[in-house]
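There are 2 protein chains.
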Amino acid sequence: MATRKLNLHIENTRRKNSIFHTLPLHWDAACRRHRALARHIGKISFGWDGDILEAALADADLVIGLPADRSRLAERAPRLKWIHSTSAGIDGVLPLDWLPRGTVFTNNSGAHGHKAEQYMTMAYHLLNSRMAAIMANQHARRWEALFSPSISGKTVVVVGLGDLGEAAARAAKKIGLKVIGVRRSAQNNRHADRVVTYRQLDKVLPQADFVVLAVPLTAETRGLMSAARMDLLKPSASIINIARGPVIDQAALEKRLRGGRLAGAMLDVVEPEPLPADATLWTAPNLIITPHVSCDDGEHYIDISLDLWFENLALFLAGKKLKRRIDPKLGY
Amino acid sequence: MATRKLNLHIENTRRKNSIFHTLPLHWDAACRRHRALARHIGKISFGWDGDILEAALADADLVIGLPADRSRLAERAPRLKWIHSTSAGIDGVLPLDWLPRGTVFTNNSGAHGHKAEQYMTMAYHLLNSRMAAIMANQHARRWEALFSPSISGKTVVVVGLGDLGEAAARAAKKIGLKVIGVRRSAQNNRHADRVVTYRQLDKVLPQADFVVLAVPLTAETRGLMSAARMDLLKPSASIINIARGPVIDQAALEKRLRGGRLAGAMLDVVEPEPLPADATLWTAPNLIITPHVSCDDGEHYIDISLDLWFENLALFLAGKKLKRRIDPKLGY
Chain V
1 MATRKLNLHI ENTRRKNSIF HTLPLHWDAA CRRHRALARH IGKISFGWDG
51 DILEAALADA DLVIGLPADR SRLAERAPRL KWIHSTSAGI DGVLPLDWLP
101 RGTVFTNNSG AHGHKAEQYM TMAYHLLNSR MAAIMANQHA RRWEALFSPS
151 ISGKTVVVVG LGDLGEAAAR AAKKIGLKVI GVRRSAQNNR HADRVVTYRQ
201 LDKVLPQADF VVLAVPLTAE TRGLMSAARM DLLKPSASII NIARGPVIDQ
251 AALEKRLRGG RLAGAMLDVV EPEPLPADAT LWTAPNLIIT PHVSCDDGEH
301 YIDISLDLWF ENLALFLAGK KLKRRIDPKL GY
Chain W
1 MATRKLNLHI ENTRRKNSIF HTLPLHWDAA CRRHRALARH IGKISFGWDG
51 DILEAALADA DLVIGLPADR SRLAERAPRL KWIHSTSAGI DGVLPLDWLP
101 RGTVFTNNSG AHGHKAEQYM TMAYHLLNSR MAAIMANQHA RRWEALFSPS
151 ISGKTVVVVG LGDLGEAAAR AAKKIGLKVI GVRRSAQNNR HADRVVTYRQ
201 LDKVLPQADF VVLAVPLTAE TRGLMSAARM DLLKPSASII NIARGPVIDQ
251 AALEKRLRGG RLAGAMLDVV EPEPLPADAT LWTAPNLIIT PHVSCDDGEH
301 YIDISLDLWF ENLALFLAGK KLKRRIDPKL GY
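Residue numbers (the working numbering), protein chains in the order written: chain V, 1 to 332; chain W, 1 to 332.
Bear in mind the hints are in silico, worked out from the structure with no lab data behind them.
Honestly, I wouldn't trust all of these hints.
Note that the list lumps identical chains together, so a pair holds whenever it fits in one copy or between two copies.
What the hints assert, rightly or not - Calculated lysine to any residue pairs in the SDA-like style (CA-CA distance at most 20 Å, straight line):
(1) K255 with H139
(2) K255 with S236
(3) K5 with H40
(4) K173 with H114
(5) K255 with R141
(6) K16 with L146
(7) K16 with W143
(8) K174 with H114
(9) K16 with E144
(10) K234 with E299
(11) K174 with R190
(12) K173 with D51
Pulled out of the complex, with its shape left as it was, chain V reads as follows (with noise of 0.2 Å):
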């Protein structure tokens, strides 16, 4: 264990949520859970988009929450150890080359499965109950009994299993779903009847009656979900995406949709976001829009997020692999 006390700055940003603010009541409540732990930190010190930044840079050891400005961050930063983000998708802030050799980054995977879980058990009954259209008949008032077939036994295919991808995976297994997912390498996963990799998606595609995109957003995921492969997928299948907007070619989803050719969907993430008021695919058919909350506890996510961090910090002060690493070249 290190003697000497860490310096822990926390930065925050007033253009995020609300729910994404890291307080004082926060870290001290989290002290509290993990008080053995907290002992190690020393000089703590809260800023707000870069209002104390250079200053509490110039001696921490551990940073949470990405600065805007990164540039220089070895010379501004001449400590500084481990950067931690608290967000899961970190697309925005690639590529790495702004992290000083050296320094550790994280990201905040894990606090997102448990709330996501809740959101794909939603998601698929949703999509199978026709709610979309139903929502529709709703706001234009019109008592159209459309009947729907039980959830039991259909097929969905999780495109990457990672802290989303195993959440989409437990909800589906729970409602009695057979899943097939789909990532890097074929090992098995204990939420997943089966488990396959990127060349045989196209292979497996057909078979769904869902496909849940989870994937983290790099040069290799963009347009994964491309317009030939929405065409390999039965016209009564369905898509969710809990990944981020550019990993489906949205125009092709909305033509498809538009079209009949394809039984609904479920977007979390759209390009751009927000959506702007004058985008046609709102009023897509059998499409639900959400506006980026599936996957965030909006009562806990920082309470969720410290705990996740504290557990790293565990691991730092034994000089252990932190978990929950950014690879800077895989950018994940």
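Dock chain W against chain V, hints included.
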């Protein structure tokens, strides 16, 4: 076992959605699933809206489906021993003064639990996730990050613990809710953390995050969820009705939703049905209306129903008491 073969008449009505029509194809498939039992059926007839009813009743032992004209049944159907409703709700044929003495009357309770559980899983999440507001925003092309807390640990009060109430309780337990069941007798139920009687209803309502109405409509349950009872709820609570419209004071509910005195509601049943286009209820905020489709499997309703009927046929042939018998006095 009876040796004489039994004559069966199946009465359909075109007024109902086609998913509720028992066709020869369903019957033949069910006979293949229940070969030994099916051998006891002699003559079988399929009638539509009374077209062959009189001739069929003249020598029918068993009837599936309720004829519109139920007058003088004892005379018209002198051999009738058992009549079965393909619905679970039989409030439309109360009082049961038309039922000949000695004729057993069963309903279709048990055919709805599987789908009802799926609907209820969705309903809890929809209400917790503020989806009515999110979908209203979509309609208005408005991006507003409405976050929501985790659903785990919230409390649901399930009023009625029959087929539907049990499904609501089962769904709730699977997603981590605390379940308080309300029924006539306070006997334990494996899907509820606690069961109380109707006398204690007003005491448990203030604990509810969700209230589920799952009672049959009888003289006793009409208006059960009154304005006064709604005012016992927390303003953050939501109400789900999968019973019958008149179980809740619909005008009082609408008023409370418009005034923000309740967080939301989901109604699969309303009064009247179909809800007329000029009903103001359609536009109440944070309300989701589904067109009485919550509990009926749109693909296999009749298959499931016939399986339950054959289960009872085995009891009938063995001279045993049938399941799902309606008590003419209680009306359910």
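To see whether the hints hold, each was checked on the structure:
In this assembly of identical chains, the alpha carbons of K255 and H139 lie at most 20 Å apart only when taken from different copies (19 Å versus 23 Å within one copy). In this assembly of identical chains, the alpha carbons of K255 and S236 lie at most 20 Å apart only when taken from the same copy (15 Å versus 39 Å across copies). When the C-alpha separation of K5 and H40 is checked against a cutoff of 20 Å, the pair qualifies only within one copy, where the shortest distance is 5 Å, while the shortest distance between copies is 85 Å. Taking the closest pair of Cα atoms, K173 and H114 come within 20 Å of each other both inside a single copy (15 Å) and across two copies (16 Å).
For the homomeric pair K255 and R141, the shortest alpha-carbon distance between copies (18 Å) is at most 20 Å, but the shortest distance inside one copy (26 Å) is not. In the homo-oligomer, the alpha carbons of K16 and L146 lie at most 20 Å apart only across protomers (13 Å), although the nearest pairing inside one protomer, at 39 Å, exceeds that limit. For a Cα distance limit of 20 Å, the shortest separation of K16 from W143 across copies, 14 Å, qualifies, whereas the shortest one inside one copy, 40 Å, does not. For a Cα distance limit of 20 Å, the shortest separation of K174 from H114 qualifies both inside one copy, at 14 Å, and across copies, at 14 Å.
Taking identical chains as interchangeable, the C-alpha atoms of K16 and E144 lie at most 20 Å apart only when they sit on different chains, with a minimum of 13 Å there against 41 Å within one chain. In this assembly of identical chains, K234 and E299 lie within 20 Å of each other by CA distance solely across copies; the values are 18 Å between and 38 Å within a copy. Both within a single protomer and between protomers do K174 and R190 lie at most 20 Å apart by alpha-carbon distance, with minima of 12 Å and 19 Å respectively. For a Cα distance limit of 20 Å, the shortest separation of K173 from D51 qualifies neither inside one copy, at 47 Å, nor across copies, at 47 Å.
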